[in-house]
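Asker: Sequence:
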Amino acid sequence: MKFERVKQWAAFTRTWHVYDAKWQNPFHSAKIITKHLEGKNKPIYHPHNDCGDHVIVINSKHLALLGREWEFRVYFHHTGYPRAYKHSGKINGALWIPAWQLHDRDPTLIMWKACYNNLEGNLLRPKNMARLHVYPEEEVPEELLANVTSQIAPVREVPRKLSDYSAAQIKDFPDRKSVV
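The sequence shown begins at 0 in numbering that gives the first Met the number 0 and counts up one residue at a time.
Simulated from the structure, these hints should not be mistaken for lab results.
Take every hint as true, because none was put in to throw you off.
Straight-line distance between alpha carbons at most 20 Å, and here's what the computed SDA-like set of lysine to any residue pairs gives:
| hint | residue 1 | residue 2 |
| --- | --- | --- |
| 1 | K30 | L118 |
| 2 | K41 | K126 |
| 3 | K34 | S149 |
| 4 | K60 | V73 |
| 5 | K112 | I31 |
| 6 | K30 | R13 |
| 7 | K60 | H27 |
Please model the complete structure; the sequences and the hints are all you need to start from.
Answerer: Next up, the structure:
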């Protein structure tokens, strides 16, 4: 009976989650992250209810896009000024920026834009996005880390480097010749 209060408090409180985006596809990750931002992971979820959690995304500098998507995925940006880039052939300040160039300018933008586009376009979108905290590396302010209570599992397992294996594990690894 006394634990019912704790269950209710846990359902209504805003939880802080950490998500490690290292070697993760930002668009697959955004599907999981936005569920927590909107509160779809809670039993009290309703589309008009603002019950989402905070999510801290670390290592956004180390995202992984499929194939040649770094070159072919482009992002639209408008400067807000008419004919701002008249000499370069751009009309009305409209720019199309490749993903690699956007990532070089700000390593947090691709993850931020993936989450923004995955959220439903309702009046709660700005509030949900305000609860997303994206950092390019593992350095996060201590006052934010003090609030964290859970970790979101990555979409896919991060592959290990060859240097992470011991010499015995490398030696015991089956040869291709013995398998064929």
